[in-house]
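Trainee: Given these sequences and hints, build the entire structure.
Chains as they are written, first to last, in the working numbering: chain A, 170 to 356; chain B, 182 to 1098.
Please note: incorrect hints may appear among the correct ones.
Estimated spans, in silico, between C-beta atoms of each pair [what the hints assert, rightly or not]:
1) A/Asn315 <-> B/Phe863: 36 to 42 Å
2) B/Lys446 <-> A/His340: 46 to 52 Å
3) A/Glu249 <-> B/Met915: 35 to 41 Å
4) B/Phe465 <-> A/Gln181: 16 to 22 Å
5) A/Glu226 <-> B/Asp638: 19 to 25 Å
6) B/Arg606 <-> A/Pro311: 40 to 46 Å
7) A/Gln181 <-> B/Gly733: 57 to 63 Å
8) A/Glu252 <-> B/Arg606: 34 to 40 Å
9) A/Arg306 <-> B/Leu901: 41 to 47 Å
10) B/Gly835 <-> A/Asn251: 54 to 60 Å
11) A/Leu327 <-> B/Thr905: 49 to 55 Å
Simulated pairs of lysine-lysine, BS3-like, Cα-Cα distance not exceeding 27 Å [as the list claims (entries may be wrong)]:
12) B/Lys710 <-> B/Lys695
13) B/Lys649 <-> A/Lys235
14) A/Lys194 <-> B/Lys426
15) A/Lys299 <-> A/Lys320
16) B/Lys419 <-> A/Lys282
17) B/Lys414 <-> B/Lys456
18) B/Lys396 <-> B/Lys414
19) A/Lys194 <-> B/Lys457
20) B/Lys414 <-> A/Lys194
21) A/Lys332 <-> B/Lys414
22) A/Lys276 <-> B/Lys480
23) A/Lys235 <-> A/Lys303
24) B/Lys480 <-> A/Lys303
25) B/Lys462 <-> A/Lys216
26) A/Lys332 <-> B/Lys649
27) B/Lys456 <-> A/Lys194
28) B/Lys462 <-> B/Lys480
29) B/Lys462 <-> A/Lys276
30) B/Lys977 <-> B/Lys780
31) A/Lys299 <-> B/Lys649
32) B/Lys419 <-> A/Lys216
33) B/Lys469 <-> A/Lys276
34) A/Lys194 <-> B/Lys478
35) B/Lys414 <-> A/Lys276
Calculated directly from the structure, the hints in this document are not laboratory data. A virtual CB, placed ideally from N, CA and C, is assigned to each residue, including glycine.
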Amino acid sequence: MGNKQTIFTAQQLDAYQDCTFFTRKEILRLFHRYRDLAPHLVPLSYKDNPDVTIPYELIGSMPELKDNPFRQRIAEVFSEDNEGNMTLDDFLDMFSVLSEMAPRDLKACYAFKIYDFNNDNFICKSDLEKTLLKLTRNELTPEEVNLVCEKVLDESDLDNDGKLSLEDFQHMIIQAPDFLSTFHIRI
Amino acid sequence: MVNTNKTKKNNREDLEKIGIQIDADETTDTAEEEDDDNEEEDIKQPAKIRKKQNNRKSSKPSDEDEDNSDEDTKLKARNNRRRLPVQNGIRKNKNDKDDESDEEKSTDTAKNSRTKARNKDNGKGEESDDNSELEGENKKTRKNPVHNNNRNNRNNANKRQKDEDNKKVKQANSRGNRKGEKDNGKDKKKKGKSSSSSSSSSDSEDTLSEGELAKVLEEVEEKKMLIAAIRTKAWRMKRKLTTLKESQEFVEKFEGALGKGKGRKFYAYKVMMMKKWIKFKRDFENFKTSCIPWEMKIKEIESHFGSSVASYFIFLRWLYGINLVLFSLTFGLVVIPEVLMGLPYGSIPRKTVPRKEQPTAMDFSVLWEFGGYIKYSALFYGYYNNERMIGVFKYRLPLSYFMVGVGSFGYSLMVVIRTMARNARENGIDGDDGDFNFSWKMFTSWDYLIGNPETADNKFASITTSFKESIVDEEESQKDENIHLRRFLIVLANFLIFCCLAGSGYLIFYVVKKSQTYSTLEELTWYQKNEIDIVMALLGMFVPPLFETIAGLENYHPRIALKWQLWRMFALFLGNLYTFLLALIDQVNAQLAEEESIKNKTLAMVNSFNFTNSTSESIPAIDPADFPRGPCWETGVGLEFTKLTVSDILVTYGSILVGDFLRALFVRFINYCWCWDLEYGFPSYTEFDISGNVLGLIFNQGMIWMGTFYSPGLIGINILRLLTSMYFQCWAVMCCNVPQSRVFKASGSNNFYMSLLLLILFLSLLPVIYTIMTFTPSFDCGPFSLAIYYLNATSKTYETANLELKRKMQMLRDEQKNRRNNKYTVNPMLQDLEDLLPNNANVNKPESNQIVIGKQPNEATRANGKHGKEMTLAPPPPRMVVTKPPNPRQVSHIPGQPRSGTPGSGPRRPSPGQSRH
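Mentor: In structure tokens:
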């Protein structure tokens, strides 16, 4: 390899390639994207694993995320402190899961976490309502919201416990024709 | 330094876990143990028990009761403390594997029950052994379940905390004074092996070590699998990284240690090569992805317009890839060899512009229509020579031409089907729409790709609308509606659409027919020349909106309506295409008829040349430009396809330029001085019409597939088209289109596009096969010209020659019979002599023709065949002895091959019979 890069060691790059769905070039590109968010915070070399986190405000302002109604949830789910402040590892993790190559099961697992607003490992009715309000920007009447949430539970809740478990969610999402193409951020 | 220590420890942990005992000195262990925290207290127990269990298990085959020798137990006791980190490691691994806390609980409880069982076992097995040790052990094990439970609770409470603890422990361990002890993992392993084998009976040694090996191997495989699948684990990156590192180190250490003797070296080599191979593959992957063109362009579009518009560009890129392969096939194996090694331009008639066309051959208007020099170039079928092999390499061009034609179809078919299969696999089962209507809307309607505020607004709006629609649908499904009216409307709509389709088909047929009458005219107006293209373009432009209007009657769900719309447009395009093809076939038939007459003319001309310049071997000294030639229908077909493709390109680009760009300019700048809001009012900006564009692309591809066989250059034009349209449309879509208000789902339709493409592939294969099978190739152009023409011609010649011969023979026999009847007693010798004399004197008039031919040494096959046959079947040779020196018997001679030995004998032969008269 003739092109020299001083950001990572070769081992680090290999390890990242093993742990994500990215190629070497993409990892470097992602690093630069990450660094561009806060040039003063992120050092130019990751060889000695610096402990750097970028606050959510900066992550959420990325063009890839800033129009996404679920951006805060995404950042929270993928960040280590669950508050949206991300290290480079979290950052890579996030875009790896949201990349084209990630398998359906992995995506489904994280999608579940994203839509599970209160982190109780179930998507309950309040989570559904929040999702719907974010999707429609509060343009539905409460009756409509209620109807839709009930319909969703009616369709997908297989064990009739009034909330969606991960299994229910996966079963439903596996068959969805658009899930893979929409749960996907190209970077 | 820290790393290496850690890994060594890991290795040992793993080793121990699989039942290899490590012979180590206690002192270091105990010293190190002191600074470990509380938690290890309760981990200690399972470690020991597991250890015992392992021993028991491994030596089970030998004896049930005697397996735990004194030595063994002591060793174990000694190692107890030291084995603690081992268990830590296991614990950690377990943590890794059991992500969900409840899962972990279940495994722990399972372990508890196992431990209990083991306790019983221990009790039975070791009763006869040292009591004190046993007691101590049992006490500890009895305590165990409680501890386990405690730990469970703690685990549930703070699993992450524990993870960290583990790590700390590990670091502490590695920091400790163990360094010297575990300098070499492999050595240790060997030592461990020897110690364990010494402790057990010699009988069980083999099974044990083999079991070990199998276990190590299993472990290694497991780790490898883990490494391969680590990216699909839903873990934090930190954990992934550490697990990865551990597994990699483990695999590295023990992979080479597997196998024995020579096999071991080989195994190590194999492993090394494997690693290299994996590295190479990764590099290659990196290289490959960096080679994918337009990635950033498409990404930009994706973020502006969502995944649906981008899907069109991805499809375009994919088609470009296929076409690139087809292009390299065609150009590399057909066009370039012909240009480099074939006869140069102007050498033979098919490679020369006819005299009549020469003055205008370089005019732009002619070249624009692919006439003149382009028509007689390697871009079209007619240029290719039928010489079986060309150049110094003896390149078989006609064969290659044919194989490339077959190969193009085969390759396209394979690629399309493979892509479809992959798409189907990725998209999984397309569930029924109704099952999870609301759930899907809720969880998959947001397109995470969207990174543009305007698109996002549109998306929000469309999601809201679709929810409202669904709610209304839901409410309406409860009510009854007028089913009869709806059915009537559907039937009516379909009827109208059918009428449109039939009408457009007829229109094209009519136009093509009409254009054939033009060909007799000398002067053509521009409109007359391009009538077909114009009509087809207009139909393509105005009928789809008409369909959409009519489809409004049906009142289908938008998604279903869209599918219907696509199918109808497909039918329209297909109908147009096939009408065009039918008309083309008519034209070909006409040309074939014309060709027949020209062929006869040419044949006569060739013959006359042969008669006149009997000595010259080569083609007569006539300019190839003046040579009469057939219309070469293959080139005609290729021309039609090429023209159609080019006009299609122009119409597409023109409509983008006018319909999108000018409209956008108008809306943008006239908006300042207009009485209503143009941007949000009536004209507005255009949306990107995905379905129309995709269908256009698909049909274009179908045309390419059809036309390539008759015009190898067409694929080059298509490459240019795709390339330019990639840039042009990218620009156009970013500059003058607005995101769609109606959401068109991309993913579900990917395979829909593909199936359309597959259908088109088959449909374009049909006419090509049909024309190849039914029409005879032109006699004077293309790689298959004379090959087949020659066969046809010779077979016909043989037929006529045979008939003639038969007639003559019959005549001859009759005459001989007559003669024998009349002069039965006459000496044959005398009679022959008698015959000879008048023969020279009076040659019959009807024979003169034959004599003329007979004088030709390079005679055409007909005469030769006759002579040959006659020679072999003619009456006995004595007569020949008299007339001329003896000839070799030419029984084996194949008629049709030129031969010059017997020019004079032929015409003479029949004379005896004739002289009788």
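Trainee: Broken hints, numbered, in rising order?
Mentor: Every hint satisfied by this model.
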